[in-house]
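Engineer: The residues making up each chain are set out below.
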Amino acid sequence: MSVTPVLDIGQSEASLRRFLHGLPGVDEVGAKARAARLGTRSIKTSAKAYALDLTIRMIDLTTLEGADTPGKVKALCAKGRHPGDDAPPVAAICVYGDMVPSAAEALAGSGIHIAAVATAFPSGRAPREVKLADTKAAVAAGADEIDMVIDRGAFLSGRYGQVFEEIVAVKEACGDAHLKVILETGELVTFDNVRRASWLAMLAGADFIKTSTGKVSPAATLPVTLVMLEACRDFRDTHGRQVGMKPAGGIRTAKDAIKYLVMVNEITGPDWLDPDWFRFGASSLLNDVLLQRRKMATGHYAGSDHVTLD
Amino acid sequence: MTFEYAPAPESRNVVALKNSYGLFINGEFTDGSGVFKTVNPADEEVLAEVAEAGAADVDRAVSAARTAFEQVWGPMPGRERGKYLFRIARILQERAREFAVLESLDNGKPIRETRDIDLPLVAAHFFYYAGWADKLSYAGLGAARPLGVAGQVIPWNFPLLMLAWKIAPALATGNTVVLKPAETTPLSALLFAEVCQQAELPPGVVNIVTGAGETGRALVAHPGIDKVAFTGSTDVGREIAKAVAGSSKRLTLELGGKAANIVFDDAPVDQAVEGIVDGIFFNQGHVCCAGSRLLVQESVADEVLAALRRRMATLRVGDPLDKNTDVGAINSSAQLTKIQELAAAGEEEGAERWSPPCELPDRGYWFVPTLFTGVSQAHRIAREEIFGPVLSVLTFRTPAEAVEKANNTPYGLSAGIWTEKGSRILWMAEKLRAGVVWANTFNQFDPASPFGGYKESGYGREGGRHGLEAYVR
Amino acid sequence: MSRLTVRKTYKLYIGGAFPRSESGRTFPVTDSEGAFVANVARASRKDVRDAVVAASKASAGWAARTGYNRGQILYRAAEMLEARRSEFGADVDAAIDRWVFYAGWADKYAQVVGATNPVSGPYLNLSTPEPTGVVGVFAPTGSPLLGLVSVVAPVITTGNTCVVVATDPVAAITLAEVLATSDLPGGVVNVLTGDAAELGSWLAAHEEVRGIDLTGASPEQAAEWEGLAAGTLKRVRRPDPAEDWAADPALSRLTTFTETKTVWHPVGI
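Residue numbers (this note's numbering), protein chains in the order written: chain A, 92 to 401; chain B, 120 to 592; chain C, 10 to 278.
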């Protein structure tokens, strides 16, 4: 891959298309086999203890329900600050935009980030002005991270320029807030699409690329994360900027989380093994990690009543 | 702080190693004419003493096989034979962990491979051929009568898998066997003998004679066998082909290789890099079909090699029983010496040598994964089978040049093609003179898939319906 | 005054041409009554060398023909043989029918011996037969034309090229003349006449030869030549004294000199 200035690539539909379609293809079977093999790494004792705490520190503890209330969000924030058993706090609390004030209040002084989903999450089907207003409102309310969704319809119909411009516009609306760009890989279906969308998002200025909304199945998988991590790695190699990665949805066990960390370790390398560069979008994952932590500390299997609900 | 994987050793307790092992003849373990030691190549510790079969022992084994063929196994209906093989397949699945650990101990290969590749394939091979036993008349091979007694000599790189490749089709077709495992890796074959006992396989149907080259020669030359099946080096293959010339013994040979793994500029690069790594570092490169010559299109050579070097730096070399080990020990000191000599020749002839930083254990036989660039067809490391974790990189400009270079070898076992262009894959696959062509993948094996070489990589096929042909008339 | 007949010169058939032996040697051939028929070329080891070069040169092109095309050419050979049937002996009709038999195989044997293999994974896995390359053929004795056709036709049907050491020079060279006028590319079949005992070891040991058919060799010759063939691990077909040329040929006549190539490809989106 040659180094082409970002602006030149994004200059026109045609140049974007040429660039994205010039990326090396991804063989689905080979990518899955690689991910599966990384999944056979055996992480024990000191390595496991390290991985469990790192996992907690990387969690964007999430609630994205129609039934969310300030009470629910505040309880989640309390859990994120003090997961229990002297575990470290999580990286961020991820909520809908209207819940940001509740989160901001509950997290004051904690250093935990407030992530808001925006841009007509999860479908992304709204006029551009609505998406930008959504973003600005969340930032104004105190969100310092915005999780946007790309326009999958535009992407799948080949209107890459439209997707690109929208990300640029949302990034601008974010101001100082970090922008995570959700590709919704479950709707992009092919790994070739995932690789192209990853590059498109990074070229347009994403601080993070994220697999899924959690509302579409499949959400995060190891193979799709592999393809996106490869894109992050190659993008830094050719463009000099490091972009973070966030698999979200479907990661529920400590065992799975550790497989992701192994993948980060061996695909992008340890530069990404930090909450600044890798996050898990998850809710139930935290408690499973806490149970595993207890098991390691006590030497016997832990019971769910010894960790808090939220 | 970095993410250091703590040691994750597989327990040795699942294997009850004996101090000494006998020959397996006529359903029983017996003494041989001498003994030899087998060592763990990862630490040079002696694992056990093993009986060495002399000519008289081979003779006993052949007579036992003959009697079993004539009185029990030959006349037995195929469906009954098949059920024995199904039993064996199941026992192998049940005892897979035990076999995996033993194989890693005796061979030096990583437990991840014995556990995830060797053992599943071994059981699958018996399962596959079990099903053929009562269907031979449907196989399109005429009367498909058994040949009689098969003398089988196998190598040390996949001890149990090669045993399965030899024994399963031979037994399914009604032959009985005398099998000689390699002298550095006899233990899994002797544990397999126990499986035969557990399966209540009639005595004499499978006989295992351990020993070195002399034992193999005695077996191949024995007038009482009807068939010789050999997997190993091309030089020994030649010797065997000469030895059976003029006899009525049937012969199949699966010999060496110097496969080209060809990467085009439109390849799926990340998967191609995996295929290159898997092609040459799988099983420490002790693989006859290893992709030991990387032919990369000049226009993407730098990019591919950079990615390859980065990937090689993540290979974990060390304790074969650690579940996170990717590359284990070299099987023997003799093999290590051979690899070292050829690698030295590569440097002397002007190729550029590179290996990732890598700490090797103090004891045992080790060779760090190695890459040679600037290699040309004339270099020894581009022509001779190294049978170790050493990759020779050459470049090409056009598909025709790639084919020419790939085929420019007396070998013809396997080849790899990496390109996303369908018509080019098919064109290349047609032109490459190799028995197995992997396109956008490498080192895949399956009991249903015929395996074997062109030219001096041998003749005959193992696996699939084609694999039956070697054992019937 | 009766007309003096124009005699035919029987030479070798190499690379589509009819050269004399490089050695300049000939030997006389007589008919069943002992009357002189012709001086026939007695090939030398250098003729073996030249014939192998010709066969090797023709190899890639012949192998690349479609089965249909090879079948057409083989059928054409049968037509030409039919047209000249008066020049051959009693076995000519069976020999013609054998050409026709193999002509029909050219685009079918791959379907009979090839396979789609149901591997346990997301891969398409196909096995197809491919020609071995240059094959040395020792034609059988006692069946001048039918025997010769029965060993040569299957070898070239599957895309190999061959160097044939003939036993009946007149039948063999006349057949060569048929082939030379049958659209068969030069070098696909090369015919050497002379003493098999003198030529056999050179052919069996030649590194460019990938297979040998010892059908016409004596047991002692077969053992010796098989041993020499082991030097480059040639595919060897041993003689079978019981082989009946009138019977339907075994499939192994076609498959002995083919290589099974198995191609894997992932199946994914």
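No lab work stands behind these hints, which were simulated from the structure alone. Note that the Cβ used here is the ideal one computed from N, Cα and C, for glycine as well. Any given hint could be a false lead.
Stated by the list, open to error - Straight line, CA to CA, 16 Å or less: simulated EDC-like cross-link-like pairs of lysine to aspartate or glutamate:
id	chain 1	residue 1	chain 2	residue 2
1	C	Lys55	C	Glu31
2	B	Lys361	C	Glu229
3	A	Lys135	B	Glu123
4	A	Lys227	A	Asp177
5	C	Lys66	B	Glu123
6	C	Lys55	C	Asp204
7	B	Lys457	B	Asp445
8	B	Lys361	C	Glu252
Claimed, not checked - Under 10 Å between C-beta atoms, here's a sample of chain B residues computed to sit facing chain C:
id	residue
9	Gly531
10	Leu545
11	Leu551
12	Glu588
Engineer: Hints first: check each against the structure and report whether it holds.
Structural biologist: Hints, one by one, checked against the model:
no. : hint                : result
1   : C:Lys55 / C:Glu31   : holds (7 Å)
2   : B:Lys361 / C:Glu229 : holds (14 Å)
3   : A:Lys135 / B:Glu123 : holds (10 Å)
4   : A:Lys227 / A:Asp177 : violated (36 Å)
5   : C:Lys66 / B:Glu123  : violated (59 Å)
6   : C:Lys55 / C:Asp204  : holds (14 Å)
7   : B:Lys457 / B:Asp445 : violated (22 Å)
8   : B:Lys361 / C:Glu252 : violated (25 Å)
9   : Gly531              : holds (8 Å)
10  : Leu545              : holds (8 Å)
11  : Leu551              : holds (8 Å)
12  : Glu588              : holds (8 Å)
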